[in-house]
Amino acid sequence: MSTDPFAERNWPLAHGRTLTLGPRALIMGILNVTPDSFSDGGRFDTLERALRQADEMVAAGAAIIDIGGESTRPGAEPVSASEEQDRVLPVIEALSERGDIVLSIDTYRAATARLAIDAGAHIVNDVWGLQRERAVADIAAQTGAGLIIMHTGRDRQKLPDPVDDQFHFLRRSLEIAEEAGVGRDAIVLDPGFGFAKDANENISLIARFSELNELGSPWLVGTSRKRFLGEVTGREPADRGVGTAATSVALRLAGAAVFRVHDVAINADALKVADAILARHA
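Counting from 1 along the sequence shown, just add 935 to a position and that's the residue number in our numbering.
Derived by calculation from the structure, the hints in this document are not laboratory data.
Positions of the beta carbon are idealized from the N, C-alpha and C atoms, including for glycine.
Careful: at least some of the hints might be erroneous.
Claimed, not checked - Label-pair restraints from in silico Cβ distances:
| id | residue 1 | residue 2 | range |
| --- | --- | --- | --- |
| 1 | 1204 | 987 | 37 to 47 Å |
| 2 | 1077 | 1169 | 45 to 55 Å |
| 3 | 1092 | 1134 | 15 to 25 Å |
| 4 | 1033 | 947 | 14 to 24 Å |
| 5 | 1070 | 1208 | 40 to 50 Å |
| 6 | 1021 | 990 | 17 to 27 Å |
| 7 | 987 | 1021 | 17 to 27 Å |
| 8 | 1165 | 1031 | 32 to 42 Å |
| 9 | 1145 | 1214 | 15 to 25 Å |
| 10 | 1069 | 1204 | 32 to 42 Å |
| 11 | 1145 | 1165 | 21 to 31 Å |
Using the sequences and the hints, build the whole thing.
Here's what the structure looks like:
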């Protein structure tokens, strides 16, 4: 894999879809169909409201909609697989009927991933980096889905250096994907901002982000409204859009390709500026 983060790459997805990564930043809009997500819980937990929000994010510039049925905030109550599926599958089915929206399922469960892809999802976004249910990799290999592998520090001993820990964890995840037969071109990595990382670790990862390009895969980043932005700005979650956009620009200039955000419009504008800067260096 190329270590040039701005080189053009085709990202193969399920159902014969592809996305182009590298030359232009892509936005993934967050659609939490949950009652308890940290900044928007309960806002989009009916089908009508979820579909309306998806339409608004696409109109504002989102290339992908990421649909999640279980909150991943610290201390959130776990839900059963069946409850997760009852929340996400009707939304995926309804959105897939429109045909023009790339859909991602935010899950670490292989059974949910399989059903979501059958319902029309194109990407599996695993916040446990394949290290909770390895069968997620099998599902991606069997269906041709795009696969997002996220780093997490939860439930394990981290290495002292945050960049070293990225390599330590994600190289194991990449081994799992390879063993399952997932092609490297199908994989996007995520450094997992906020997942068992304090403010200093998150800021350090932003400052040193270009070091991660050594792994050779494109990167998705998800800083949106995270707690560390509140510590820096003093803002509550709903008011962290500007802080999020600042990190989006910094991370784009360091090589990130996909940006998972709540506030699509402000990040779309910020990333257009970042891409214009990058074009002068091409």
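Hints, verified against the model:
1. Checking the proposed 37 to 47 Å range against residue 1204 and residue 987 shows it is violated: the Cβ atoms sit about 22 Å from each other.
2. Look at residue 1077 against residue 1169: about 47 Å separates their beta carbons, and that is inside 45 to 55 Å.
3. Against the hinted window of 15 to 25 Å, the Cβ-Cβ separation of residue 1092 and residue 1134 comes to about 20 Å, which satisfies the hint.
4. Taking 14 to 24 Å as the suggested C-beta distance range, the pair residue 1033 and residue 947 conforms, at roughly 21 Å.
5. Between residue 1070 and residue 1208 the beta carbons are some 41 Å apart, a value that agrees with the proposed interval 40 to 50 Å.
6. A C-beta distance of roughly 22 Å is found between residue 1021 and residue 990, which places it inside the suggested range of 17 to 27 Å.
7. At about 20 Å, the beta-carbon gap between residue 987 and residue 1021 stays in the expected band of 17 to 27 Å.
8. A C-beta distance of roughly 35 Å is found between residue 1165 and residue 1031, which places it inside the suggested range of 32 to 42 Å.
9. Remark: the range hint 15 to 25 Å for residue 1145 to residue 1214 is upheld by a beta-carbon distance near 18 Å.
10. Our hint of 32 to 42 Å for residue 1069 and residue 1204 holds, since their Cβ atoms are close to 40 Å apart.
11. Range check, residue 1145 to residue 1165: about 25 Å between beta-carbon atoms, so the 21 to 31 Å window is met.
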